[in-house]
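2 protein chains.
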Amino acid sequence: MAAEAIRWMMTGKGEPLVPVRFETPSPGQNEVVIEIAGCGVCHTDLGYYYDGVRTNHELPLTLGHEISGHVVDTGSNAMWWIDRAVIVPAVIPCGHCDACRRGKGTICANQKMPGNDIHGGFATHIVVPVQGLCEVDTHRLAAAGIELADLSVIADAVTTPYQAVVQAGISPGDLAIVNGVGGVGGYAAQIAAAFGAVVVAIDVNDDKLAAIGKQCAALTLNARKMNLRDLKMEILGFAKGRGLRESEWVILECSGTRVGQETAFGLLNRGATLCVVGFTMDKVEVRLSNLMAFHARALGNWGCPPELYPQALELVLNGRIKVTSFVEKHPLAEINHVFEAVHAGELKRRAVLVPTH
Amino acid sequence: MAAEAIRWMMTGKGEPLVPVRFETPSPGQNEVVIEIAGCGVCHTDLGYYYDGVRTNHELPLTLGHEISGHVVDTGSNAMWWIDRAVIVPAVIPCGHCDACRRGKGTICANQKMPGNDIHGGFATHIVVPVQGLCEVDTHRLAAAGIELADLSVIADAVTTPYQAVVQAGISPGDLAIVNGVGGVGGYAAQIAAAFGAVVVAIDVNDDKLAAIGKQCAALTLNARKMNLRDLKMEILGFAKGRGLRESEWVILECSGTRVGQETAFGLLNRGATLCVVGFTMDKVEVRLSNLMAFHARALGNWGCPPELYPQALELVLNGRIKVTSFVEKHPLAEINHVFEAVHAGELKRRAVLVPTH
Numbered sequence: 001m002a003a004e005a006i007r008w009m010m011t012g013k014g015e016p017l018v019p020v021r022f023e024t025p026s027p028g029q030n031e032v033v034i035e036i037a038g039c040g041v042c043h044t045d046l047g048y049y050y051d052g053v054r055t056n057h058e059l060p061l062t063l064g065h066e067i068s069g070h071v072v073d074t075g076s077n078a079m080w081w082i083d084r085a086v087i088v089p090a091v092i093p094c095g096h097c098d099a100c101r102r103g104k105g106t107i108c109a110n111q112k113m114p115g116n117d118i119h120g121g122f123a124t125h126i127v128v129p130v131q132g133l134c135e136v137d138t139h140r141l142a143a144a145g146i147e148l149a150d151l152s153v154i155a156d157a158v159t160t161p162y163q164a165v166v167q168a169g170i171s172p173g174d175l176a177i178v179n180g181v182g183g184v185g186g187y188a189a190q191i192a193a194a195f196g197a198v199v200v201a202i203d204v205n206d207d208k209l210a211a212i213g214k215q216c217a218a219l220t221l222n223a224r225k226m227n228l229r230d231l232k233m234e235i236l237g238f239a240k241g242r243g244l245r246e247s248e249w250v251i252l253e254c255s256g257t258r259v260g261q262e263t264a265f266g267l268l269n270r271g272a273t274l275c276v277v278g279f280t281m282d283k284v285e286v287r288l289s290n291l292m293a294f295h296a297r298a299l300g301n302w303g304c305p306p307e308l309y310p311q312a313l314e315l316v317l318n319g320r321i322k323v324t325s326f327v328e329k330h331p332l333a334e335i336n337h338v339f340e341a342v343h344a345g346e347l348k349r350r351a352v353l354v355p356t357h
Numbered sequence: 001m002a003a004e005a006i007r008w009m010m011t012g013k014g015e016p017l018v019p020v021r022f023e024t025p026s027p028g029q030n031e032v033v034i035e036i037a038g039c040g041v042c043h044t045d046l047g048y049y050y051d052g053v054r055t056n057h058e059l060p061l062t063l064g065h066e067i068s069g070h071v072v073d074t075g076s077n078a079m080w081w082i083d084r085a086v087i088v089p090a091v092i093p094c095g096h097c098d099a100c101r102r103g104k105g106t107i108c109a110n111q112k113m114p115g116n117d118i119h120g121g122f123a124t125h126i127v128v129p130v131q132g133l134c135e136v137d138t139h140r141l142a143a144a145g146i147e148l149a150d151l152s153v154i155a156d157a158v159t160t161p162y163q164a165v166v167q168a169g170i171s172p173g174d175l176a177i178v179n180g181v182g183g184v185g186g187y188a189a190q191i192a193a194a195f196g197a198v199v200v201a202i203d204v205n206d207d208k209l210a211a212i213g214k215q216c217a218a219l220t221l222n223a224r225k226m227n228l229r230d231l232k233m234e235i236l237g238f239a240k241g242r243g244l245r246e247s248e249w250v251i252l253e254c255s256g257t258r259v260g261q262e263t264a265f266g267l268l269n270r271g272a273t274l275c276v277v278g279f280t281m282d283k284v285e286v287r288l289s290n291l292m293a294f295h296a297r298a299l300g301n302w303g304c305p306p307e308l309y310p311q312a313l314e315l316v317l318n319g320r321i322k323v324t325s326f327v328e329k330h331p332l333a334e335i336n337h338v339f340e341a342v343h344a345g346e347l348k349r350r351a352v353l354v355p356t357h
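These protein sequence lines are chains A and B, in that order. By the working numbering, the letter at position 291 of the first sequence is numbered 291, and the numbering carries on one by one without gaps. By the working numbering, the letter at position 312 of the second sequence is numbered 312, and the numbering carries on one by one without gaps.
In case anyone wonders, no lab produced these hints; they're calculated from the structure. Wrong hints could be hidden among the right ones.
Note that the list lumps identical chains together, so a pair holds whenever it fits in one copy or between two copies.
Claimed, not checked - Heads up, simulated EDC-like pairs for lysine to aspartate or glutamate below, C-alpha to C-alpha not over 16 Å straight-line: (1) Lys13 x Glu307; (2) Lys283 x Glu262; (3) Lys348 x Asp207; (4) Lys104 x Glu246; (5) Lys283 x Asp207.
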């Protein structure tokens, strides 16, 4: 197959993204061609586009790494995948190196991230390695009333906090604090709750707090309206009132801002776990020794190993994680407008760009 | 028994420590009286004494938490311990609370640290809970040519990095970088090597580097003579030359200084583990998001659970960790002079204060 396709290219920092026609190449032995159903717009894309964070692949490049779609062509080793609905992992490990063989695909040195190492998902089609593809059961999907495009957000916004929650070892009765309940943090809160944690949500936006309060958070706090000390005392009082531990909190930092990271670090207590989920180029000023004094830890995770995608998908299909109410779909052709709106903070839900086929 | 005893009291920041006679009280049911063989002088003691770091117990207080000695009296539930040689854990968990029951003694809210929560080891005698005492086989000790006083350093200088190495999961073939090879870091290097790591030592003192180079470090680097970038390149070249991994380094930060912590954080690479072993009140400026970008982690540990003391002691008794060549003994009566010398950086080995009985 050599379908005619369109991808939107970034040519330079802040330059309008431009549509480019291309012929999808014949996939290699271990590759597939995917007709894209949807691709989520992530904070990371904005980092490349507005802040000049460098992509590994030189410009021009198609951004976008939250991809779902249908396999429309395959290489000779990947024929099993033809016509299947899939989610493409945001980080595709090579599957064969020393790190991959030890189950550490997220630190694979040969990994491919669409929209960073290879052309990404703001396109009608994409060619990707077959490694790590996550199949979607379309019958269950239809029964759940979810569209395939909605599932694109699983590739980062859902699985990245999923991996964080798994790494932190959240279990029933834990107190989990999610700092920043936007596109990623909203899922972090739902996942932590699905793992049995009582969830405290912190944000600076009352609308987002109200939304997550309805969904799963037992306590919501606006960080604009109280200082760190008061936040900590409020959560401590809540923990006591609920009979939860007054230490060993799990803090999921999802704001990806300097202030947010400093707040999250300041919430550390004995035996606490800080998960650094959000990203910012900014440095922070923290007393690192508090990790020692509290016997605490700070864990980072770069995406999520593909092996965990089916578990995260299952939570979506069985309704423990809601995606549709946190997503809004826009035509791919409106990408420049949507980027601006996301950057300006005008959207309350995660934008998913949907191509017209 | 009500032996007459002496303990050296801290009455205020920088005030001369003063000897005070006291009668050792009858031990409670679950307590023992220990005739102290030696007590190590730790960076933490100097923090209380020179920098005004607050002790949990109000002043006047006897400092010192690295204690070895003989049990000379016991409560009714602790009679098994009479006459035994022991190491007192630097952090004594209560053994009964929720955290202790889950094996997390270092975050026990009722823990007692000698020289912080209760009177410490710069004394002829001390009364401590029996919980967590580590017995020493005096026959093996004599056969190894080690004195009981030397073993005092196990209670912090050895077991704290021991716990860090266990937490980091160091295993054969790992590359471990020890930043600061003084009183604690020297043991960190030996323990990492005993667990099979190839050890790179970083310090600002050539004498300490030479000593650890003879002992166990395969590469020694003086951080005064090269910037962070060069340090990283040098270690990378070394790793390549040795056929070791170019990622997943374990960095044991033992300097307990702002500059040292920033250097250690700067050495993070993919899948790396930073162990925060040294303590400083200073804040540091770091890009916390690198934990996310590198899928790395920073682990702190407050001392070491008593359950691990026998393993650490075993490494000393079987010669894998040398203590005698890293220790110098001084009479307890010279405590004020020794504190000054340690504070001025005049001693190359860890000072252990030995009372005259």
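For each hint, the structure was consulted:
no.	hint	verdict
1	Lys13 x Glu307	neither (34 Å within a copy, 56 Å between copies)
2	Lys283 x Glu262	both (10 Å within a copy, 11 Å between copies)
3	Lys348 x Asp207	within (8 Å within a copy, 60 Å between copies)
4	Lys104 x Glu246	between (33 Å within a copy, 14 Å between copies)
5	Lys283 x Asp207	neither (28 Å within a copy, 34 Å between copies)
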